[in-house]
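A.B. asks: For reference, the chains in residue letters:
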Amino acid sequence: MPTLVEGLHVVNTETIPGFTVKEQLGVVSGSTVRAKNVVRDISQMLRNIVGGELPQYTNLLVESRNEAFSRMLADAKARGANGVVNLRFATSAVSPGAAELFCYGTAVIVE
Amino acid sequence: MDIEAYLLLISLVPLVIWTALWAAFALAYPFMFLYGAAVSSSRKREWMGDILERERATLSTMGRDILSMDKIRVPWTATDSEVIWTSIVIGPSHWQQLIGLIYNLLGGSVDVYRDLIAMGRAEVFQRLREMATERGFDDVVAVRLDTSMIGTHRSKGRGAKGIEIFAYGTGIRKLDGPESFVVNPTS
Numbered sequence: 001m002p003t004l005v006e007g008l009h010v011v012n013t014e015t016i017p018g019f020t021v022k023e024q025l026g027v028v029s030g031s032t033v034r035a036k037n038v039v040r041d042i043s044q045m046l047r048n049i050v051g052g053e054l055p056q057y058t059n060l061l062v063e064s065r066n067e068a069f070s071r072m073l074a075d076a077k078a079r080g081a082n083g084v085v086n087l088r089f090a091t092s093a094v095s096p097g098a099a100e101l102f103c104y105g106t107a108v109i110v111e
Numbered sequence: 001m002d003i004e005a006y007l008l009l010i011s012l013v014p015l016v017i018w019t020a021l022w023a024a025f026a027l028a029y030p031f032m033f034l035y036g037a038a039v040s041s042s043r044k045r046e047w048m049g050d051i052l053e054r055e056r057a058t059l060s061t062m063g064r065d066i067l068s069m070d071k072i073r074v075p076w077t078a079t080d081s082e083v084i085w086t087s088i089v090i091g092p093s094h095w096q097q098l099i100g101l102i103y104n105l106l107g108g109s110v111d112v113y114r115d116l117i118a119m120g121r122a123e124v125f126q127r128l129r130e131m132a133t134e135r136g137f138d139d140v141v142a143v144r145l146d147t148s149m150i151g152t153h154r155s156k157g158r159g160a161k162g163i164e165i166f167a168y169g170t171g172i173r174k175l176d177g178p179e180s181f182v183v184n185p186t187s
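Top to bottom, those sequences are chains X and B.
In terms of the working numbering, the first sequence opens at residue 1 and continues consecutively.
In terms of the working numbering, the second sequence opens at residue 1 and continues consecutively.
In short, the hints are calculated from the structure, not lab data.
Please read all numbers here as calculations on a predicted model, not as lab measurements.
Note that the Cβ used here is the ideal one computed from N, Cα and C, for glycine as well.
Check before you lean on any hint, since a few could be wrong.
Label pairs and their computed distance ranges (CB to CB) [stated by the list, open to error]: (1) W18/B x A74/X: 39 to 47 Å; (2) G80/X x M48/B: 42 to 50 Å; (3) N86/X x D50/B: 31 to 39 Å; (4) L101/B x G80/X: 51 to 59 Å; (5) L27/B x R40/X: 18 to 26 Å.
Not close to chain X: a few residues of chain B, all C-beta gaps over 12 Å, as computed [what the hints assert, rightly or not]: (6) L15; (7) V16; (8) A28; (9) S40; (10) R56.
Which chain B residues stay away from chain X? Per the calculated CB distances, all over 12 Å, these [claimed, not checked]: (11) Y6; (12) L9; (13) L12; (14) V13; (15) A38; (16) R54; (17) M62; (18) R64; (19) T79; (20) L106; (21) T133; (22) G171.
Isolated chain X (complex conformation) (with noise of 0.2 Å):
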């Protein structure tokens, strides 16, 4: 979880408290695909039998967003942008053991 944001003001909301949006610069994303590794599934599945919280794969869940957020902050940054607006996050499993982590969000110049 990154702390702000090189400079970037980055909300799941329409609109930044404190600013205005003066221009949009279109849907900016970031996404990852994200397999298990098998030590940790090992270990997680002994962990699956008794129940309760999986750490390692909250961790590992954690760590791929971050990477994906810092994608599609890269594509903020690359167009211009020192905000994004509206950002959302989907998850999708896309094949056994790996799980696409997706987010997405509006670039805006604001003021």
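Chain X is fixed; fit chain B onto it per the hints.
C.D. replies: Just chain B, lined up with the frame of chain X:
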């Protein structure tokens, strides 16, 4: 012994290790399964108590629930904002999966899963609150929830099955002043 016998022995080693691991697993599995079944309700109570306690702690420091789904009504006194997110992956124990399977045959409400997911949601909301207060946000608006299954498409049914619950929202800091909202500030 000649060299061929050695080679044969060495080539058998991975097989032996593999078999030993599976044997150990097969021996341990019933105990783990029973342990999971035995502690499932007490664990649930513990977890629920833990969540309630933390919720109370946040409520008493903030005075109100800071999460809201408001998207357009943003307090105009807000100065600083940033998207925050958090998630949890929970795995139903094999005992719970078995009960779920039985319910699947009989139909009806599958309470084991409902409880598990409801508590996962409560946990993830609480994590969002804690994350927001840690970073000094006064409010979290436009909170959204996303639930997805991971590792459930395995053809052999091996591997862990997890339910991921993911929550995100925009944390905002407010200036002191009267509470006031602006509706659709763009127009």
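A.B. asks: Broken hints, numbered, in rising order?
C.D. replies: 8, 9, 15, 19 and 22
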